[in-house]
Amino acid sequence: MTDDDTLSAFSRRTFVKTGTLAAAGLVLPRALTAMSRGTSAEAIRVGLIGCGGRGTGAARDCLKAGGEDVVLVSMGDLFPDRLERARTNLAKVASEDAMVAKQFKVTPEMSFSGFDAYQKVLATDIDLVILATPPGFRPGHLAAAIAAGKHVFMEKPIAVDAAGVRSVIASAAAAKAKSLAIVAGTQRRHDPAYVAVMRRIHDGAIGELTGGQVYWNQGGLWNAARQAEWSDSEWQIRNWLYFTWLSGDHIVEQHIHNIDVANWAMGAHPVRAVGVGGRQWRTEGAYGHIFDHFAIDFEYPNGAHVMSMCRQIDGTANHVAERIVGTRGTTDPSSEITGQKAFKFVVQGQKKNPYVEEHVDLLASIRTGKPLNEGQQVAESTLSAIMGREAAYTGQAIVWDELLNATQDLTPPNKGFGTLTVPPVPMPGKTKVARTFND
Amino acid sequence: MVKVPGTTILIGRTEVTWDLYDAFALSRPDTVERRAGVDAVARPTRPYGAPDYGWGHAGFPVISVAYSAAESFCAWLSARTGKRYRLPTESEWERVASLAGAGKAAGELAWHAGNAGGRTHAVGGKSPDALGLHDLFGNAAEWVTAGSGRPAVRGGSFRDTARAVGPSAKAVQDDSWNERDPQIPQSRWWMSDAPFVGFRIVREP
Numbered sequence: 511m512t513d514d515d516t517l518s519a520f521s522r523r524t525f526v527k528t529g530t531l532a533a534a535g536l537v538l539p540r541a542l543t544a545m546s547r548g549t550s551a552e553a554i555r556v557g558l559i560g561c562g563g564r565g566t567g568a569a570r571d572c573l574k575a576g577g578e579d580v581v582l583v584s585m586g587d588l589f590p591d592r593l594e595r596a597r598t599n600l601a602k603v604a605s606e607d608a609m610v611a612k613q614f615k616v617t618p619e620m621s622f623s624g625f626d627a628y629q630k631v632l633a634t635d636i637d638l639v640i641l642a643t644p645p646g647f648r649p650g651h652l653a654a655a656i657a658a659g660k661h662v663f664m665e666k667p668i669a670v671d672a673a674g675v676r677s678v679i680a681s682a683a684a685a686k687a688k689s690l691a692i693v694a695g696t697q698r699r700h701d702p703a704y705v706a707v708m709r710r711i712h713d714g715a716i717g718e719l720t721g722g723q724v725y726w727n728q729g730g731l732w733n734a735a736r737q738a739e740w741s742d743s744e745w746q747i748r749n750w751l752y753f754t755w756l757s758g759d760h761i762v763e764q765h766i767h768n769i770d771v772a773n774w775a776m777g778a779h780p781v782r783a784v785g786v787g788g789r790q791w792r793t794e795g796a797y798g799h800i801f802d803h804f805a806i807d808f809e810y811p812n813g814a815h816v817m818s819m820c821r822q823i824d825g826t827a828n829h830v831a832e833r834i835v836g837t838r839g840t841t842d843p844s845s846e847i848t849g850q851k852a853f854k855f856v857v858q859g860q861k862k863n864p865y866v867e868e869h870v871d872l873l874a875s876i877r878t879g880k881p882l883n884e885g886q887q888v889a890e891s892t893l894s895a896i897m898g899r900e901a902a903y904t905g906q907a908i909v910w911d912e913l914l915n916a917t918q919d920l921t922p923p924n925k926g927f928g929t930l931t932v933p934p935v936p937m938p939g940k941t942k943v944a945r946t947f948n949d
Numbered sequence: 014m015v016k017v018p019g020t021t022i023l024i025g026r027t028e029v030t031w032d033l034y035d036a037f038a039l040s041r042p043d044t045v046e047r048r049a050g051v052d053a054v055a056r057p058t059r060p061y062g063a064p065d066y067g068w069g070h071a072g073f074p075v076i077s078v079a080y081s082a083a084e085s086f087c088a089w090l091s092a093r094t095g096k097r098y099r100l101p102t103e104s105e106w107e108r109v110a111s112l113a114g115a116g117k118a119a120g121e122l123a124w125h126a127g128n129a130g131g132r133t134h135a136v137g138g139k140s141p142d143a144l145g146l147h148d149l150f151g152n153a154a155e156w157v158t159a160g161s162g163r164p165a166v167r168g169g170s171f172r173d174t175a176r177a178v179g180p181s182a183k184a185v186q187d188d189s190w191n192e193r194d195p196q197i198p199q200s201r202w203w204m205s206d207a208p209f210v211g212f213r214i215v216r217e218p
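These protein sequences, in sequence, are chains P and U.
Mapping of the first sequence onto my numbering: residues 511 to 949, in sequence order.
Mapping of the second sequence onto my numbering: residues 14 to 218, in sequence order.
These aren't lab readings, by the way, just hints derived from the structure by calculation.
Among the hints, a few may not be true.
To be verified - Capping the alpha-carbon separation at 16 Å, the derived lysine to aspartate or glutamate pairs in EDC-like fashion look like this:
{"no.": "1", "chain 1": "P", "residue 1": "K862", "chain 2": "U", "residue 2": "D188"}
{"no.": "2", "chain 1": "P", "residue 1": "K861", "chain 2": "U", "residue 2": "D188"}
{"no.": "3", "chain 1": "U", "residue 1": "K183", "chain 2": "U", "residue 2": "E107"}
{"no.": "4", "chain 1": "P", "residue 1": "K854", "chain 2": "P", "residue 2": "D871"}
{"no.": "5", "chain 1": "P", "residue 1": "K574", "chain 2": "U", "residue 2": "E107"}
{"no.": "6", "chain 1": "P", "residue 1": "K862", "chain 2": "U", "residue 2": "E107"}
{"no.": "7", "chain 1": "P", "residue 1": "K861", "chain 2": "U", "residue 2": "D194"}
What the hints assert, rightly or not - With the C-beta cut set under 10 Å, the calculated list includes, among others, these residues of chain P facing chain U:
{"no.": "8", "residue": "D571"}
{"no.": "9", "residue": "S689"}
{"no.": "10", "residue": "Y865"}
Said to hold, decoys possible - Covered by chain P, according to a simulated footprint, are these stretches of chain U (three or more residues, beta-carbon under 8 Å):
{"no.": "11", "stretch": "65–74"}
{"no.": "12", "stretch": "175–185"}
The structure presented is a predicted model; accordingly, all values stated were derived computationally and were not measured.
The beta carbon of each residue, even a glycine, is placed where N, CA and C say it ideally should be.
Please build the complete structure, drawing on both the sequences and the hints.
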């Protein structure tokens, strides 16, 4: 009986994915199986959905994390030009890096564009899919990926509205039932410095947590000038940052990183939020209908309040940071604790890149049959950020349970390319949590 | 600006600050640039984050900038002013540095790991050197064009020890300077992990 015969009762996909064999103690060490069966037969096969700069970068990070045991085999994007650009850029990386040259196996036949590109990628022979389209598409793509039995790496945020968050929570539960991994692009969770500080916070290094501040204040971001041949929807999707149905607004798209750190420290999601925000500087139509600043007060179950502030306005003070306060100390969770149990993280050996580490952790969890599942956690952080957004948009105090169950679905009424209005700029006192695309 | 000894070239008294760099980075090419014959000098992409690390902006040295971004700034400044600005050559920088450091201790002249608190400081906060320049050593390390045409940074930065900053300090870019740029292609304007790199400019006669 050959090694292949030994494993023939289990498809390679099952072997890689389920962990059932690992639980039974039947999984051979990776190196051994690779030696006996050949690396290519054992490699984790990866597909990429969403070929922008971050998606392409995430694919590169995954390959970097995986070594020769990981290959990228299929790619998909809504836009043919973005797909081609990503293929070209990865081919360039491969031409400069012998390892990537072995790992980059995407042929033209395995490259897909259009609204159904994600389905075509999921139909290819892959174990793991990277979801990196604009966030509005994420809940649907995640559900499809889990239904197709794929492990998932997905960029943050993972939804833009309450309906999307509920969908992701359901997908995360389905993934758990199927022993599929979900790791999210909240990379601070995989940063050794944050991990070291958080462990100490949770061990009581700063006593009882009483509050904190989180910030993402910076200038404006890129904007793609509208081309004559673009339909309304193509223009919106290519400028997805500026439309709530696609990005969630910048508090969700960007500031989620810092809000996630607050949740991580508190060991909980906020229960209530009040806040302010507006669209004061970035008012032209080219910037859709989102706000350019928010300030939110988040209340946690233990009564602690975390002040959150984010801004995208040129010529203003930059600050991207978190600060968590306890009864016996204060932390900058990115690196240090001050107080009775002072601590400063010092890099030991080679400095680790969290964008790669998140894939290292994901791949290790798949290989050992103990799939990480961050789906619920990142869904909660996303809803926390949405909670802040809704507090500012509506001008009301937002309560977690009500938001989670709200009839809020920002999906556009019509699918595909074509006419699409720009939703109104939210107005505190008038905008309601329970709303659809046009409200 | 101060004359580079033995030449007619002028060198900036300080590192280029964000105030001036923003005038380039946040503006759009206009008719002045087109008239100057510079065909719409490209502008830096918008960074996803805070390349100044929140340490300070107005009056603080530009940091996290790629060599090509510093060169583009010089092209823009030249177009706007009709003068010829560029980065110093390495030999020009060395000539200045060899004369500038005379007679003063590193702590008097330079922000270094022992006194900077892990960040840059507003330019001109330390004593001027023998040529009247500020922060040539320490604070932000400075892009120069080496003889081979390849870029390097000189002078050391706030991250280097007092002993390591000075006329002989030199570093050459490697992958670690851009390691956490999560995009492909990586930015040709910003360096995700090099908050210690800035530049000063020279003006040709």
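Here's how the hints hold up against the structure:
no.	hint	result
1	P/K862 to U/D188	holds, 13 Å
2	P/K861 to U/D188	holds, 12 Å
3	U/K183 to U/E107	holds, 10 Å
4	P/K854 to P/D871	violated, 24 Å
5	P/K574 to U/E107	violated, 39 Å
6	P/K862 to U/E107	violated, 35 Å
7	P/K861 to U/D194	holds, 15 Å
8	D571	holds, 7 Å
9	S689	violated, 28 Å
10	Y865	holds, 5 Å
11	65–74	holds (count 4)
12	175–185	violated (count 0)
In terms of the numbered hints stated before, the structure departs from hints 4, 5, 6, 9, 12, listed from lowest to highest.
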